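Asker: Here's the letter readout for the chains.
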Amino acid sequence: MSAELGEKQVLAARDVTVRFYTYAGVVHAVSEAYLDVYEGESVALVGETGSGKSVFTRALTGLIEPPGRIESGRVYFRRRDGRVVDLLKLPPGELRKVRGDEISYVFQDPSSALDPLYTAGDHIAETIIEHRAVSRREALREAVRLLRDVMIPDPEARVKNYPHELSGGMRQRVVIATAIANKPRLLIADEPTTNLDVTVQAQILDLLKELRERYGMSLLLITHNLGIVAETADRVYVMYGGRIAETADVYTLFESPQHPYTQLLLNCVPNPLKKFERLESIPGTVPNLIDMKPGCPFAPRCPHAMDVCHRENPPRVELGGNHVVHCWLHWKR
Amino acid sequence: MGLGSYLVRRLITFLPSVIGALLITYLIAYIIPTDPVRAWVGEKLMDPSTLERLRKDYKFDAPWYEQFAFLVEKLLTGTLVDPVRGVPVVQQVAQRFPITAELAIFGMLFTVLIGIPLGIVAAARKDSAVDFFVRIFALFGSSMPAFVLYYFLILAFYVYVRASLLAGVPTLSPGCAAALENVKNAVPLLGHAIWAVGQVPLLGGLMCMDAGVVSTTVARMWLPGLALGLLSGGFVARIVRNSLLDALSSDSILFAKARGLSSSRVWRHALKNAFAPIVTILGLNFAGLLTGAIIAETVFNIPGMGLYIYQGITRLNFPIIIAGTFLFSVIYIVMNLVVDLAYALIDPRVRY
Amino acid sequence: MNPLYRAGSWLVDAYARLRDKLSPGWLERNRSRLVETKLSIYVFTSSKIGVTGLVLVAVTLFLAIFGPVIAWEPYDVYPVLLNPDLAGRLPHPPCLNSCGGLPVAGTDHYGRDVLSLVVRGFRISLVMSVIIVLTSAIIGVLLGLVSGYFGGVVDEVIMRFTDMMLAFPGLVLAIAFSLTLRPALRDFMMANPAFTHAVAYIFALNPEDAPNLANLLSVFLALIVVWWPPYTRVVRGSVLTVKEQGFIEAARALGLSVRKILLRHLLPNIMSPLLVMVTFDFATATLSSAALSFLGLGPQPPVPDLGLVISQAGQYFPEKSWWIVVEAGTALLLISLGWNLVGDALRDVFDPRTRRSIELRAKIEVRP
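Chains as they are written, first to last, in our numbering: chain P, 51 to 383; chain F, 1022 to 1373; chain Z, 27 to 394.
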């Protein structure tokens, strides 16, 4: 037990800021973002392209490369041996041991994530061997078992296949197999189904749910698809312009969203039961994150924007029961 | 396996290429010259009866398909004979191949020694002074006229500093040559292959562990090899650099890092992916060295195929040019085939 | 904003104003294209490599055009014949104190001033390389466009032929073609003095010297035959990629004629890589034609072909001719280097990543 992490808590990220120093200027990809993940739960991180969700999740394990830099932040994580560490303060060697072993990633495009010159078995085996003292033969046998766990038919044959010999859905399953190979505490999935057909999407999500239960893993799922959020998440974080806009458990968020962005977002999803005339959308475009000035990033598009919204960063307002919103509208002086 | 069927498929395109080579050689030998007999004979004056005999023997007055068949037979069996001097030109050109191959091997050695390390460093230190230097080096390499560079290297390393030889090419010792002959006769296919490889003096010398042959060969060939290496080294370095940078920024490398793989394993992924296209470039470079050797052999006085063809040019010996064109084309086609196969070995996606 | 960019920008503005006067509203319609052109100029002029290359190319062009005029010695007069007792001292090395009236830059074995020869050589080199590349490019691009657009049997036939040509070592084939074409060309040129005169004028050579002109043309034609296949292959590849993008289908659905589709829709899309390829090829063609001349396939003395000059110097190398190789060799080097530098910079100009990153700093606009 420690001050930073609750008993059943797996991860606590605080105050994470990531900037990219490019030719065009300084890109404020993530500003003062935070996140909590508890044991066995499924957390969704929602936002449009450019909201900073991918960069944020990569920053959690320090997976940011120049010209990006993690300017500040603390990411508390409880390791297998029970110790609580700040991942961002770990030396690179230690951090490398956490990745692939205790925290794993699944990325959006399985075709580009897998190395075309290595077989499915190679990928899984090498992830196992890197973190555990196991012979290659044993690792390959485990790879077959893992492929079976992710419901790939005929795993003994598939383990020798190269990525181009597998369909999109199977490739993503292979990626998932490598991710769970060492039974991580936390699986971070960055839009794992966006590149797949709808039917395969459902299968992958079901698979993730089943693996979660079987391995007692927590899942951090990044998506822009609210349907998936409703289906799979326990709690939700909404990001906009590199900042957390709102967070709540899934029912509260869908029933009474408080941030104008969340409200408009939910509006955009058509209800098949209701007859409607127009498809709703949010007017305006994604904010320019270069050389950002203080102020709420959503202000230019917000129908309720006030003067103060354009001038000062919105405050954190606790609405009770896990529900937090960052908006001047809810600020009571 | 996929590789086997790929090999078969690739061989199927090999045959039309050889036929194409024969066709073009035929065009050059019989069709394009306004007076083929005059071209074959050169500027030499001949009496009418000899000319008549020539016209019949070489089928100059026969219909095109007879001419083509005649040429194909002569070229493929290696029995094409220079009508004026009675020299079996195909054989003459072919037996100089090992020397040209030796020159190409030295050139390749230096290209790889210069290009690959430079490319890796340029990728590791992107946008640094080294990177800029590699870019300039590559640009100079492709702008420098080869023969000018050759003359200057000769000036530096032969005239001012006697560090190289400029005449003769050491051949295998009798004992070694005999031993290779025995191997060829004893073991069927493999023996022939070993014998063939051993014809290249450097390789034969290495196989027989003949220090004399090897050291004189090196003394003779290192300078032209260095010249060739300087000319294409920069280009190779640039390709290596770009290929490595592409591989390092790919998603599969990100995924590898996200799995916590050690940096040596990550580099292995990157290098393997980067080197697939590099092998192709190196292979094509080697093919270019084999077929572009004419100028190097002329300036460095190396008695290979290229020099023989150059002599054919200056002495207006047309049959040599015909035989040379055909043989060089076949070599080039074979090298391309080898490169494609090597690439298929490395990259499994190509086999389909 | 560097001065070169300001000059280029002014040119673009002037052109835009002119077009706008001729057809009002043109500037507004083409504003984004003008801004992109200005961006290209900006990116190019910001690159040290590009500007250096441009300077070299400018010098090359200047000497190519005016070389034969400003050269101070005729190339077809052999001083050694006029003055036989010079023979023992020839070739004469460079002489800073002007020894006995001999040229400062040294002479060749005929007694001619090497530098004057080299200055004349630019014309031959440039005309050869530019016309070879442009002709091959036109042939190759047309074949590639037709092959890629029409597909089917046409594509098969053209590609089989192109692949056959590509399967061959270029230099070897060029040598063989050059030799076989020579006699035919010689006869042709002897029979057509008007043509011979025209060729001689372009190359600034003696029109009476038909055999040498024929040799020059044989190298020229041989290289063209060998040079076009890569263009066909590249262009066909681009056409196939563009076809996949669907807007060719759209154009056809709108009823545009084939010619219009090919020229106004396909061609502009492949222009950038083509331009880079052509520029690099100018360098390669310069070296290739020099190499063929070096091997003796090109013109013979007294023609001031740079490759020939170097090969002649080879006999006396090194003590008695190193300066000849230096001067002629440097000329070839600088010509090729100029084109290669420009091509390298152009490649960066058209690379979307470097373009965008520089664009955000540049803030370019087009003023009406």
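Keep in mind the hints are simulated off the structure, nothing from the lab. Please note that the accuracy of each hint is not assured.
Stated by the list, open to error - With a Cα cut of at most 27 Å, we get these calculated DSSO-like pairs of lysine-lysine: (1) P:K147 with P:K259; (2) F:K1080 with P:K147; (3) P:K382 with P:K324; (4) P:K58 with P:K139; (5) P:K139 with P:K233; (6) P:K210 with F:K1147; (7) P:K147 with P:K58; (8) P:K58 with P:K259; (9) Z:K47 with F:K1147.
Owing to the predicted nature of the structure, the values given are computational and were not obtained by experimental measurement.
Asker: If a hint holds in the structure, say so; if it doesn't, say that too.
Answerer: Verification of the hints:
1. At most 27 Å may separate the alpha-carbon atoms for a hinted pair to count; K147 (chain P) and K259 (chain P) meet this at roughly 25 Å.
2. As the CA atoms of K1080 (chain F) and K147 (chain P) are separated by approximately 78 Å, the hinted pair breaks the 27 Å bound.
3. Between K382 (chain P) and K324 (chain P) the CA atoms are separated by roughly 36 Å; this puts the pair beyond 27 Å, and the hint is violated.
4. Distance restraint check for K58 (chain P) and K139 (chain P): the Cα-Cα separation of roughly 22 Å lies within the 27 Å cut-off, and the hinted pair is therefore satisfied.
5. With a C-alpha separation of about 24 Å, the suggested pairing of K139 (chain P) with K233 (chain P) holds against the 27 Å cut-off.
6. For the hint linking K210 (chain P) to K1147 (chain F), the alpha-carbon distance of about 36 Å lies beyond 27 Å, and the restraint is violated.
7. Proximity of K147 (chain P) to K58 (chain P) is assessed by CA-CA distance (about 22 Å); at most 27 Å being required, the pair is judged to hold.
8. The hinted pair formed by K58 (chain P) and K259 (chain P) meets the criterion: a straight-line CA distance of about 19 Å does not exceed 27 Å.
9. Our distance criterion of 27 Å between C-alpha atoms is broken by K47 (chain Z) and K1147 (chain F), whose separation comes to about 48 Å.
Checked against the numbered hints above, the structure violates hints 2, 3, 6, 9; every other hint is satisfied.
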